[in-house]
Amino acid sequence: MKLKFNGFLVLLLVLVAQLTFAQERAVSGTVSDNTGMPLPGVSVLVKGTKTGTQTDFDGKFSIKASSNQVLVFSYIGMKSQEVAASSTSVNIKLADNSVELESVVVTALGIKKSDKAIGYATTKVSGNDLNKGNNQNLVNGLSGKVSGLQVTASGGAPGQASRLVIRGGNKSITGNNEPLYVIDGIPMSNANDGNDNTVVGFNSPNRAADINPNDIASVTVLKGAAGAVLYGNRGSNGVILITTKTGSDKAGKPVIEFTSSVGIDDALVLPDFQTEYAQGSNGVTYQEGTSRSFGPRITGQTVSSPGAGAAQGLGAQQIQLKVFDPRKQFLQTGITYNNNISLSNSTDAYDMFVSIGQSKQTSIVPNQGYQKFNGRFNSNYKFSSRFTAGVNLSYNASEGDLAYAGQDGSNPFFALFHAPVSWDLKGYGYERPNGTQINFRGGAFDNPYWTVNKNSARTDSQRYITGLNFAFDVAKGFKLAYRLGNDYLSDKRTLFKDINTGGNPRGYLSYDNVTRQETNSTLTATFNKDITDKFKATLTAGQDYNNRTVQNSIITGTELILPGIINTNNIKTFSPGYIYNSRRTLFGVFGDLSLSYDNYLFLNVVARNEWSSTLPKDNRSFFYPGVSASVIFTDAFKIESDVLTYGKLRVGASKTGRDADVYLTQPAYRKGIFADGFTTIGIEFPFNNLAGYTIQNTISNANLTPEFTTEYEVGVELKLFKDRIGLDASYFRNVNTDGIIPLDISPATGSTATIINSGQTSSKGFELMLRTTPIQTKDFRWDVSFNFSRIRSRVDETYPGVDRIFLGGFGGNPAIFAVKGERLGTIVGTGYARDANGKVLVDDDGIPSILDGQILGHTEADWTGGLSTAINYKNIYFTALADIRQGGYLYSGTGELLDFYGVSKETLNRNDDYIFPGVNATTGADNNVVVKRDANWYGLGAYPNEQYVYKNNWVKLREVTLGYSFKLKDKYIRSLDLGVYGRNLFIWTDVPHIDPESSSFGTGNAQGVSRFAFPTTRTFGFNLKAQF
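Just so you know, the sequence shown maps onto residues 0 to 1027 in numbering that gives the first Met the number 0.
Don't take every hint at face value.
Stated by the list, open to error - The list that follows gives simulated cross-link-like pairs (lysine-lysine, DSSO-like), each with its CA atoms no further than 30 Å apart:
#1 K92 <-> K873
#2 K252 <-> K321
#3 K59 <-> K92
#4 K838 <-> K950
#5 K535 <-> K381
Read the hints as simulated data drawn from the structure, not as lab findings.
Please put together the full structure from these sequences, using the hints given.
The structure is reproduced here in structure tokens:
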């Protein structure tokens, strides 16, 4: 009987198994988006099991499931959907989840918050949008894409620094106004170590350029101080949060991505030159050696030319005058190559991203260029359900032969832009057989071919950024996190000027080694508590430690033994060494309390206390709070409308502090150096075996206190017509008090400045971001976005008895000042003397009267904006971005000197009779004296700086892309994109001769001056991206 029962049991089990297998059958179908476009890579899982698959490139799938099971469909950016497997054919559409994509924002210290809960302005730029123009500097990639964010390029030289400021960058009068950069939670340095003002020397890269843009997943801009309080004084100007890529979206399946691009560069704007008059004077005499082109009209006449045979060691040659184009002879086409490859993968337990990249850029100037190599490794590992750890490692190596800039005599554009059209710049050569320089003129400015062949400005840097992070869920609602980061930079700079260089006839060699290290340690504890079903609270408390050290060692030689040898053994007169060390420490404790009610009403209170080593002992501790709130009024009032689908109001207020730079609170000694401030020639101690030290030029202040900024902000966010239109608008006002200012004093005191707490600035502004999707069908989508910002700053107070504080200049007129009662950044220089009716006063010789110290205009823009469009038709995509600036003023030193040297088109009227419009200074009658605008006119300085101050209005076609995405069914190649791109393609402006965006003063607070700056470049290129 037992045997029969066992047999029956076996038979029953077999029948059950057969029944089970009979129920499990293939279920297939297609997954598409809400427009009907097939979605490849959609995850399809049998709920409650590990059985799963993915859709192919046509959105098709096939999976085995029984009729009583449920299929779960999920895809990045789409709402997950569950469907019963009751049928063998399942075709579904996944709904867009764009609102959900934006629901989480990474804020200060890596704290993630719901977008609804943010009570201050933030903007997120995806890595894809950042890289559309193939910018190798992420700062330039943000230009025109974020309201209230302004990028100013120093020029178009490879590796040249760019300045980025948020909300005008006009808080501190003389302090740093650039934001803090944070990469994967690690604050990083963006300093270029002393080269933020390129009056003399060269412009080194800003260190944000070390980051490989292809590694970036997104950039979040924290605009308001309320969002940056937790970062302390380093975040007082806003924060740029950079998140790099992690594991692939396709769980368990490695993804290899390869990107490559090549672009060609040429000068976007060059001056308009006259091509009729030769080098010389008085309109008759041809004269080489003079700097000016007021000689005879070029008609093919025979003249004696000492330069024509100089390269062969010959005497003066008889030549026929003809027109050359020195600029066309000298400038070349630049080329940029960029290649990157990455590997990413992820599972339930870990994710990983590895990449290497190389970019190489040759300049439009011969023998100059910049290249960098990047490597990155990111990984996170989940050791258990309660403990995770992560690591972020990056390495950058860069080197470049950079351009001399500013007033330096080896700036190639100084001589190039005023070279006479009668001089054969390329044909005459740059060096005589005896090694002396051939130049069309004497003095300190070099033949540009001499500069690029005999002189050099080289940088060679290595950078390591490391980060470790740990998170431990101690108990339900209680989490501990720790992050440790280190940023190490070594930059070796070599400046060399050969013997017979104009400003350095005995030669010059400088080795400048900069080592910068920054260590950050942050510990946080987070408590989450659902007080009721609707009322929830989150408290984060923690402490952080920041230590920054800088070591700068310089060896300088001011007389070389032999030409062409870059070695300290070739120095005849040199300084044996100069080492500068600085160290500063910040310690802070902070708290962040977030309260929410029913997921529509939010309150956030933050506070931080900080101790800074750069302030006096009694003033090192300072406290600042912040509060913000938001309400989702569409949820609060249960508004259900196809017109208004989302509405949010936000308000915030905060106070942030700013400490001092190092060595401002007590006397510090430095090596004695005496120089003229114009060239790099100088006397340095030890001199003739005599040691010499001096107290720093700035008198310290033992009672220094922090600067403070108070800011208020209100804003609104709207989404209309089911997210077809989105609007984000903000109004803010801030006041900066107790500015830390170096106040100029009489050199008779033995110093040039004293450090004080004084001054107050204020600014207010309006920001708007508007996006819309006018057309969206199955095969076609058109997106348009516009951003706008209008900011007004004011210098409310300076110092009793002092109305103007110097910000920057060339040592003469004009200069940039902070002027009481004016906007921050005012051009002060020579201007026309006028009567009570505003008419220019003219003397009896018909020459206008000129006054010094005149306010000529402010450098702050009236408004800035960006207009972008993106069109996708099936597999074709097109994007374009226009960058706009209106208002403010710019001084063109280039234009002024082109006129003085007689090479601009404006000087073609040199022989025409001219009556200057004005009134006689004595009689008040209209001026009727006839003059000629010849060499004497410009030599007398008849035109003041005011003549060359222009409205800084321009519109620039910043980026254009056009490409095709191939749908591939190859099992090895997942996707392939081919495209073309352009960057800085066109500019529309009334400013003559220059790109008004360029700056001769680098990244400092003195902006609005351009004098022979390196021309900005436009780029046309081709790019490829493939995934395997």
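Evaluation of the provided hints:
For the suggested pair K92 and K873, the alpha carbons sit about 18 Å apart, so the restraint of at most 30 Å is met. For the suggested pair K252 and K321, the alpha carbons sit about 68 Å apart, so the restraint of at most 30 Å is broken. Pair hint K59 plus K92 holds up; C-alpha atoms about 12 Å apart against a cutoff of 30 Å. Of the supplied pair hints, the one linking K838 and K950 holds, its CA atoms being roughly 20 Å apart against a limit of 30 Å.
In summary, the hint linking K535 to K381 is supported, as the alpha carbons are separated by about 27 Å, within the 30 Å threshold.
Checked against the numbered hints above, the structure violates only hint 2.
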